[in-house]
Structure formats: structure tokens, C-alpha cells
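> This is what each chain is made of:
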Amino acid sequence: MTAAWKAAGLTYNRYLAVAARVVRRSLKDDKRLAAERRGEMDLKFTKWTNGKQGEPQSVADANAAAYTERANASS
Amino acid sequence: MLSRAARPALRAGAAVSSRAVAPSAATFATLREIEGRLKSIRNIEKITKTMKIVASTKLTRAQRGMTESRKYGETSNEVYKSAETAAVEGEGKKKLVVVCSSDKGLCGGIHSGLSRFIRRQALTDAKFDLVILGEKCRSQLSRTNAKNIVLSFSGVGKDIPTFADAQAIADQIVQLPGEYSEVEIVYNKFINATSYEPATIEAFSEESLANSPNFSTFEVEESQLSNLREYGLANSLYWALAEGHACEISARRNAMDNASKNAGEMINKYQILFNRTRQAVITSELVEIITGATASEDM
Chain A
1 MTAAWKAAGL TYNRYLAVAA RVVRRSLKDD KRLAAERRGE MDLKFTKWTN GKQGEPQSVA
61 DANAAAYTER ANASS
Chain B
1 MLSRAARPAL RAGAAVSSRA VAPSAATFAT LREIEGRLKS IRNIEKITKT MKIVASTKLT
61 RAQRGMTESR KYGETSNEVY KSAETAAVEG EGKKKLVVVC SSDKGLCGGI HSGLSRFIRR
121 QALTDAKFDL VILGEKCRSQ LSRTNAKNIV LSFSGVGKDI PTFADAQAIA DQIVQLPGEY
181 SEVEIVYNKF INATSYEPAT IEAFSEESLA NSPNFSTFEV EESQLSNLRE YGLANSLYWA
241 LAEGHACEIS ARRNAMDNAS KNAGEMINKY QILFNRTRQA VITSELVEII TGATASEDM
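Sequences listed follow chains A and B, in order. For the first sequence, counting from 1, position 28 maps to 28 in UniProt numbering; every step adds exactly one. For the second sequence, counting from 1, position 247 maps to 247 in UniProt numbering; every step adds exactly one.
Please note that the accuracy of each hint is not assured.
Distance ranges between label pairs, derived from CB positions [stated by the list, open to error]:
hint, chain 1, residue 1, chain 2, residue 2, range
1, B, K46, A, V18, 30 to 36 angstroms
2, B, E179, A, Q53, 20 to 26 angstroms
3, A, A8, B, I44, 53 to 59 angstroms
4, A, A8, B, N43, 37 to 43 angstroms
5, B, N262, A, T68, 50 to 56 angstroms
6, B, K94, A, D30, 33 to 39 angstroms
7, B, E222, A, A34, 37 to 43 angstroms
8, A, V18, B, R119, 55 to 61 angstroms
9, B, T60, A, A8, 38 to 44 angstroms
10, A, A3, B, T124, 31 to 37 angstroms
11, A, E36, B, L123, 44 to 50 angstroms
12, A, E40, B, R116, 43 to 49 angstroms
13, B, T57, A, A71, 43 to 49 angstroms
Calculated directly from the structure, the hints in this document are not laboratory data. Cβ coordinates follow ideal geometry from the N, Cα and C atoms, glycine included.
Next comes chain A alone, as it looks inside the complex:
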């Protein structure tokens, strides 16, 4: 049996991140602000082919695109 999040195209890490975000958001205001800072991610990445650098992309966008793609493929 595959879990629902797997069928939706998420990776285990993404599943954990979403769960963690929900927990953080349900905290009280003062604790929540400190906790939400731990959940921030602002990375960029670049693909390289044959020693040539490609265009920099945002990791969050690329990951989200990959999830939807996998969700479409599995359904």
C-alpha cells in the first residue's frame, strides 16, 4: 500500500516539511515566530552540463514543479 502523500507525488522529505509547517503554524504567536524562522528556505541552484553552468533557478519552485509532475505521472 502506498501512502497518500506518495501518491500525490511528494517525497518523504517534502511530507515531513509540510507536517512540520502545520505544527509550527499551530503554535502560539510568540513561539510561532521563532519556530517559523527555522522553516524558511531560500536557496537557488544551477544545473551543470559538461562543465558549463546553466541558468540559476529557485529550489522551491523546481521542487514544486517536480512534485506536480510526479503526481500527474502516478495518477
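On the provided structure of chain A, position chain B as indicated by the hints.
Okay, now just chain B, sitting in the frame of chain A:
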């Protein structure tokens, strides 16, 4: 002034004559020059001192993050240790090397230490792909090992790395095309406040997890292995990032400490030189006035 490039034969002679002339002819000019240089060194000292203070305050937080993440990563690796997992030696399978540096410089040799470690490894075994976290190692390794690089991340190390960072990076690495026998994470191991060395953490592939001798005792279902692998990768990355970050901050503190010390020494030296030159200028002016006065008295 003779053109030095055009007449190399005269270089020695020209150098000697200019050196002999310079001090006496240029005292007035150098007084102002020394003053300007003193001012700029003082400004640099201010900057390096401030950077040192900033790094010192960040250091305690970074170190706390490091000890926590280390415990976390070690606990996660405990599973592999008790399962006696080893990398599968497969033909045509590549190793993936993840280098954890950061975007910022001015922290001594910690980034070039990692780059050198990779280059040394490339000499013995050239069959690996590189994933680079951070701008600094990217620019260093793109000069020598550009062919091996498959991914590079930037925006690492602005603040203490979060687990969300590690997860996003792990997700991207998992999506890479091509099978890798193992993932090796290269980071700076924190030994004490002044020394650190490049070290590696291994993250294993599903295949090596399934083949490890004692793995059956954990009773993990086959379908869960890929989850374990992804999660383990994120754990190890988080550990490496946090420890690398702490190393970087402490290295920056030391580098800035040294820079301020050197600037202080230079300020002392230039202050003395400045005073001497000023004194010399005053003395020579006095001598000129007195000789002028005695000469006109005699007339």
C-alpha cells in the same frame, strides 16, 4: 623618468638613483601620503574589528546549532552502523560527492581546504560527480573540476542552516538522473576553535541499505527504503551544513582577529614614521630660517 620596460639594462642604475633622490626630495609629499595611509588603515581596522565582533556573537549560536545537529546526525547514522551497511561496489556506478561550503569569504582557508580535498581525491579516483553547496567552492572547483559538477546551490550559509534547507537540497539530489552507488558529503569538521579539517559523511543508496548484513533485524518494509534513504540524506546534509557553518564563523572570527592585529601593528609603525618625518620637516625648516637669518645679518 626612464621607461623601465623599454630599457631593462638601465633598470639597476635607475633604481639606485631614484632611491637615493626620493627621501630628501619627497619629504613634504610623503608626510601627506603617510597621513592618508594611516587614515585608511584605521578605517580597515575598524571594519575588521566590527566583523570580528559580529562573528563572535554569531559563533555561540552557530556552535550550539552544530552540537545539536551533530547529535542528530550521529543518531541517524546509528541505524547504518548497527546494520553494518557498506557501499555496494558496482561496475559503472558513480560516487556522488556533495561539498558543503558557503557563499561568503573573508574567513581564512576553509573553502580552499575543501577544494583541495576534492582535487586530491580527483587525482586518485576521477569517477565521481560533484554537487556543490555555496558560491565559494563553486568558483574554485569550476576552474579545475568543471566536468564533474552536476549541480550547484547558492544562498547557503547566510544564517544557521535550517533543516528545511537540508531537505530541499536532499530532494534535488534525489531527483538527479543517474544511479549513484553512494553519496559522500564533504564538510569541515570542527576540532576546536582554531582548527578544522575536511571530513566526510556517507549516505547510502537503497541497494546498499537492502544488502547490509544486519538490516533484517530492523524489519523495515522494502517500499520504505527510499524514504529512509531520502531522510537519511537530509539528516546527514543538515549535520554537515551546520558543522560547516560553525567552522566558517569561527574561522572568520580568527581571520578578523589577525587582520585587526596586523592593522594595529601597521598603525603603530606608520604613526612613528609620521612623527619622525614631521620632526625632520620642522628641523629642516628651522635650519633654513636660521641660516637665512645669519646670512642676512652678516651683510
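> Would you list, in rising numerical order, the hints stated earlier that this structure does not obey?
Per hint list: 1, 4, 6, 8, 10 and 12 violated.
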